[in-house]
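As they're listed, the protein sequences go chains A and B.
The opening residue of the first sequence carries number 1 in our numbering; numbering runs sequentially from there.
The opening residue of the second sequence carries number 1001 in our numbering; numbering runs sequentially from there.
Since the hints were made in silico from the structure, they are not lab data.
A couple of the hints might just be wrong.
Mimicking BS3-like on lysine-lysine, the simulated pairs with C-alpha atoms at most 30 Å apart in a straight line are [said to hold, decoys possible]:
#1 K1152(B) with K567(A)
#2 K1229(B) with K577(A)
#3 K262(A) with K1229(B)
#4 K577(A) with K1152(B)
#5 K573(A) with K1449(B)
#6 K1532(B) with K449(A)
#7 K229(A) with K1228(B)
#8 K1229(B) with K565(A)
#9 K565(A) with K1577(B)
#10 K19(A) with K1228(B)
#11 K1543(B) with K229(A)
#12 K1565(B) with K573(A)
#13 K228(A) with K1019(B)
#14 K577(A) with K1449(B)
#15 K228(A) with K1083(B)
A short, non-exhaustive set of chain A residues, derived as facing chain B with CB atoms under 8 Å [claimed, not checked]:
#16 S450
#17 G454
#18 H579
Chain A stretches covered by chain B per the calculated footprint, using a threshold of three residues with CB under 8 Å from any CB of chain B [unchecked claim]:
#19 14–21
#20 335–342
#21 620–626
#22 688–696
In this text, a Cβ means the ideal position worked out from N, Cα and C, and glycines have one as well.
Number of protein chains: 2
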Amino acid sequence: MDGLKFVGQRVPKKDAPLKATGDAVYIQDLKVPGMLHGKILYSKYPHARIVKIDTAKALALPGVKAVLTGADVPNNFKFGFLKDNPPLKSGKVLSTRDEIAAVAAVSLEIAEEALDLIEVEYEELPGIFDPLTAMKEGSALIHEELKSNVLKLPWKFVHGDVEAAKKESAFIAEDTFSTQWVTHCCLGTSGCVATFDASNNLTVYSNTQIPSLAQNDFLEALKTFGLKKKRVRVIQAVIGGGFGSKLDTYAYEYIAILLALKTRKPVKIVFSREEEFLATSPRQCTITKISQGCDKDGRLTFREMEMVLDNGAYTSWGATTPSVMMVPISSLYKVPNIKYTAKCVYTNNTYCQAFRGYGNPQATFAIESCLDQLAEKAGIDPHEIRRINANEPGELTPQNFKITSCGMKDCIEEVVKRLDWKGKRGKADGRGVGMASLIHVGGAARVYKSDGCGTIIKVDDNGKVDVITGSSEIGQGSDTIIAQIVAEVLGVGVDDINIINNDTDVCPWDVGAHASRTTFVAGNSALGAAEKIRDQIMEIAAKTLGEPVEALEMKDGIIFSKNDKEKNIPFGKVLRKAHYSLGGRMLVAENFYDPPNENFDQTFRGNLSVTYAYGAHGVEVEVDKETGQVKILNYIAAHDVGKAINPMLLEGQIYGGGLQGIGYALGERMIYDKGYLKNGNFLDYKMPTVRDVPPVQAVIVESDEHAGPFGAKGIGEPGLVPTAPAIANAIYDAVGVRIKDLPITPEKILKALKEKAKQNG
Amino acid sequence: MDGLKFVGQRVPKKDAPLKATGDAVYIQDLKVPGMLHGKILYSKYPHARIVKIDTAKALALPGVKAVLTGADVPNNFKFGFLKDNPPLKSGKVLSTRDEIAAVAAVSLEIAEEALDLIEVEYEELPGIFDPLTAMKEGSALIHEELKSNVLKLPWKFVHGDVEAAKKESAFIAEDTFSTQWVTHCCLGTSGCVATFDASNNLTVYSNTQIPSLAQNDFLEALKTFGLKKKRVRVIQAVIGGGFGSKLDTYAYEYIAILLALKTRKPVKIVFSREEEFLATSPRQCTITKISQGCDKDGRLTFREMEMVLDNGAYTSWGATTPSVMMVPISSLYKVPNIKYTAKCVYTNNTYCQAFRGYGNPQATFAIESCLDQLAEKAGIDPHEIRRINANEPGELTPQNFKITSCGMKDCIEEVVKRLDWKGKRGKADGRGVGMASLIHVGGAARVYKSDGCGTIIKVDDNGKVDVITGSSEIGQGSDTIIAQIVAEVLGVGVDDINIINNDTDVCPWDVGAHASRTTFVAGNSALGAAEKIRDQIMEIAAKTLGEPVEALEMKDGIIFSKNDKEKNIPFGKVLRKAHYSLGGRMLVAENFYDPPNENFDQTFRGNLSVTYAYGAHGVEVEVDKETGQVKILNYIAAHDVGKAINPMLLEGQIYGGGLQGIGYALGERMIYDKGYLKNGNFLDYKMPTVRDVPPVQAVIVESDEHAGPFGAKGIGEPGLVPTAPAIANAIYDAVGVRIKDLPITPEKILKALKEKAKQNG
């Protein structure tokens, strides 16, 4: 890795000027000629029968071009992971975010006015807002035709013999932990513009994170609508935050499509902030029963977990989070015996989705909180029990994950050292330290049939490089990382690289911006394409210079012979030589990289990711016993990243993840009261702001992953995975109370302190 | 060629729905957020010194954001083939289309108002409006620094010994012919939008025919403006007609760039119809002295031509038309001895450019008119002299053109037969028939260092095919032709093919839509890319079916074994198999096709084109001796096209070319009076309209050119090449007068008839 010029550098984000100057065209900014504005009417009740919808007055309003209801959805079309969600509901509504009518009008104001003119008569029904109630025998059914409120998704993993292990364990800790709904708080709200051409081919402008999958989804929808053999093009507007919120298609997109089809005009639907809170899908709330044991030396003997997830009224890709939860459950630390079941349960609540970490934060909260409980029982320092059980290179985990590079122990040691763990632990004086570790996929995650990404590179006569990639820039910095990789291989500048990433017409397939996979997969894809270009260039240079290819080296835009540096030729000259001669060619190369990872088998075994990311977070807190307020005094986030292609962007990911994790741990919560969202705005939903940023040290541990581009692993999600348990553990160290239900609000701490005082008193 | 499914079919134009519905975004329709409108002030005089320009009042007008004059052009930047043209003129103006100031304002109306407020003080100078005067010793100089009004472009071709041949000839005809300025009359006027991003990278939206060359031109301009190492992106709006008018960059594009740079806003300049007449560049007017001889059997012995071209005040790519004129001059018919010189001469007239045929119509008018004169002298039927001297396959012409396939004789015979030549010729009763032949490049033309075109094809999981091509759809039908070729190779439908052709960021290099090269070059490029995809598909299908690749055939989207038709697999299934497996890939292929043609050497020899297109036009006219009016009774246009990939589009090219040729022959003319354009609008400039369309038979002769895609040659330009001499020859047959100066107006015929009567009387 010596002599790298761009990889490893703190290169500023390529898209920063665009965003800083306001030139970026977000979906909010996008205007398509002749465009109408769509608006959606949501259900007044969480559970009700729609007796009657009268749209006549709305339709009569001047400027209104169409009003649709569930009756206008062709052929009973439903979308979502289990195809249980019609874009406009008929008959019954199952949650307060249920879409029951939609309007297209010449202005947003008229569309909003028209919504008020739609008259809906409901017959309110009793709702079920708690998955435990919904699971009970004899409970009313959310979807009557499904005969059960428990989703038929067989989330179960068994390895070894947990019952036997329990008997042999020296210490066992068990408890129940729960987590809340939190939402992504993307600063750019969701939206799209749908438009048909004269041949009924569809273009959807969207800020989706999954252009290729969305293209397939929309194509399926068109087929159901009776439009066979059509083309679908997805163009991504600049994305103002993703975090998983845009990892699935939504009702509003199908509604825009239906309105566009009805009106023969482009139709734009963009969420207001209130709609973004109400009608996008948050992180699942979970109830987790966990039991872990160890032997007398602190070696873990088993882990047993039972989880209930509130699925809400419909099912998105997010219902597959239990599969990613299995990653830490089966493989965080060496645990010989594992038993895990999860149930996703329909309720009349909002339905849930992907969110950074995809279930891992919920699972890790339980595991790492409970591990501290176990350490206490065993009389072992929490740091020590983690060190003893830490994962190591060469391991094959119960789920058959092949652990290649693994910097977990280094991360734990960094936390211990930088936090002054030994000096600060166990004082119980209102200040305390806590830690938690993490494992996550770091080399993609094969959750779909293909986990690949394609890249096309073309180089013009002036040495400018166009990189057409399947990957999506969602703010995470993928454009910059890919540019650094290509610049490194081709020996040109990062500014010479232009990334094209937003149009399914020209961009090759990619499964989406998820699973922390973009640097790894899109990076490897771009690396391979760049190497093909470099090989072509070297071949031409070799012929020109009369030297063998092996003797050539490229640096700073010059190709020279290692034997004789006088023999050299500039990059641009080779390109023109290649092009401006008989039988010449512009250099173009394409590469598709599909990682050698595996889909799970029926038993949920398989090497899901080519490599795994590790990390440990440590935190020092001060708890105000009078107010219950928690102040973070110091925060260490140590991550095994393989190789930092851009330390600045990487630190940005860690800071951002850490802060999002702190919000999850200490304050964020969507408050639903019997199906009604009570705090769907930034005033009442307490996202940490710049004033809440604690001192965070991002510690980069490089383990040089051989399969990664220049040794890199994915690092998009890990930053928030261990945050909540690290804080919960620190609070316990500080004041002796353990909060098992996120978020850890001052109220809960005060209540726990009172109870503790009562018990002690 | 048996069993072709799409190639050879009358497939409707792929872009027809877009254009018929009004969905096409022409440059006129394009809006870029924050866009200003630019407008140009042209010189009041054809030759004058600018004493003073006062822009203060214009700048003070509310809504005006910038006013530029020649003083604002950085570093003495000039553009054009000889870099003699500053986008805004300082010091002296040299023609009435000289740009002397430009305004950017928030609306077009304000920009126009601002132009009126610019005060210019001129000192008028005497002008030179005639190239013969300009050539004279001691004439005033248009560009003083160049020391001569004759361009230093050495257009001279000599082969054999013309002087000796003259002596040995049995018959010699010589005369002088002249042609007028005509303009392209594109229904979409020229225009662009220029915009810089925060890093000073430039995007130009334009209806250019040469995106790659324009990109280079703009990049050079930026460098001169002091903006080094920037990126330039050219995006083509839908093009409403090209015909060569957009084969070079224009002052208005650089002015838009300078205004955008000054205002930091996108600036749009779109020509009004009047500006389109005034400030785009017409076909050169020419004066040609020609002499041709034959032996007693009618075999041509020599051809000598001296040509003077009015270059106007500045020099575009169009100044190279004499090189293409050489094609017929050296190689139309078998002529053993050739001598040709051409002089391009600066005047104070409008400067000229490329126009369909690129000089060939001017040269062919002289050659084919004079050939009839020679035939008359030799007492040979004009049809017979053409048959005797016709080109043939296997010939190597004086310029070293390698004649591969050649359907010239067939074309001549078709004309004779369909026109009832023998029945109608020589009656001199007011009705007459005439004919003329043509040769043109038909397999590209290497006028630039690269004559290539790149293609990238990607195929998605649903069997939809995206073809990213360097070629430009300028109405000629290239999208449809390319789609037919790709569909034929891949066995999918034409509707499954999506052509992407308008963005230098994603489209590979192409030298431009000129020289009738797109079907041949872009077609071959797409063919090669499609074959690579097919090979990949066949390989996967072979593995899947357990059959060797050679045993497989693809038809109607199914791949089957010729040995066992039960062994088959649909196209889409192979794609998904390729993609949805470990190490899978989306199928992408790229191909660059650079034809094996040659740049001319110093003596103007070299195989300019891989193959040559031939044709013969025959026409029957009726001349009203009272009015001089010519009525076309029948028109036969027979063309050797290699292979008609789409007979309907091909006929469209022939009809369009023929009608444009008829306009050239009989009516169109830009009237310049001492440098002032007198008929710059569609009322006074007589373009044929639908009422003027005569009965045209397009006769397709297929010679199956082995180097062409599926046997095709280029056919974009030939349709208008022999039209004017065929008509002139028919008029001579009808009424015995020969008009040697285009256009052949009733006035000229009447005048000639009177003179003839006087001589006879």
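Against the structure, the hints:
1. K1152(B) with K567(A): Roughly 38 Å between the alpha carbons, so the hint for K1152(B) and K567(A) is violated.
2. K1229(B) with K577(A): 20 Å, holds
3. K262(A) with K1229(B): This hinted pair is violated, its Cα atoms lying about 48 Å apart.
4. K577(A) with K1152(B): Given pair K577(A), K1152(B) holds - Cα atoms ~28 Å apart, limit 30 Å.
5. K573(A) with K1449(B): Given pair K573(A), K1449(B) holds - Cα atoms ~14 Å apart, limit 30 Å.
6. K1532(B) with K449(A): Status holds; Cα separation ~25 Å.
7. K229(A) with K1228(B): 47 Å, violated
8. K1229(B) with K565(A): Distance of about 26 Å is within 30 Å: holds.
9. K565(A) with K1577(B): Violated. K565(A) to K1577(B) sits at ~49 Å, over the 30 Å cutoff.
10. K19(A) with K1228(B): Answer holds: K19(A) to K1228(B) is near 23 Å, not above 30 Å.
11. K1543(B) with K229(A): OK: K1543(B) and K229(A) at ~28 Å, within 30 Å.
12. K1565(B) with K573(A): 53 Å, violated
13. K228(A) with K1019(B): 23 Å, holds
14. K577(A) with K1449(B): 10 Å, holds
15. K228(A) with K1083(B): 54 Å, violated
16. S450: Holds, because the Cβ-Cβ distance from S450(A) to chain B comes to roughly 5 Å (cut-off 8 Å).
17. G454: Hint on G454(A): holds, closest Cβ of chain B at ~5 Å, below 8 Å.
18. H579: Holds, about 5 Å.
19. 14–21: holds (count 4)
20. 335–342: violated (count 0)
21. 620–626: violated (count 0)
22. 688–696: Violated: only 0 residues of the region 688–696 of chain A have a Cβ under 8 Å from chain B.
Violated hints, listed in ascending order, are 1, 3, 7, 9, 12, 15, 20, 21 and 22; each of the other numbered hints is respected by the structure.
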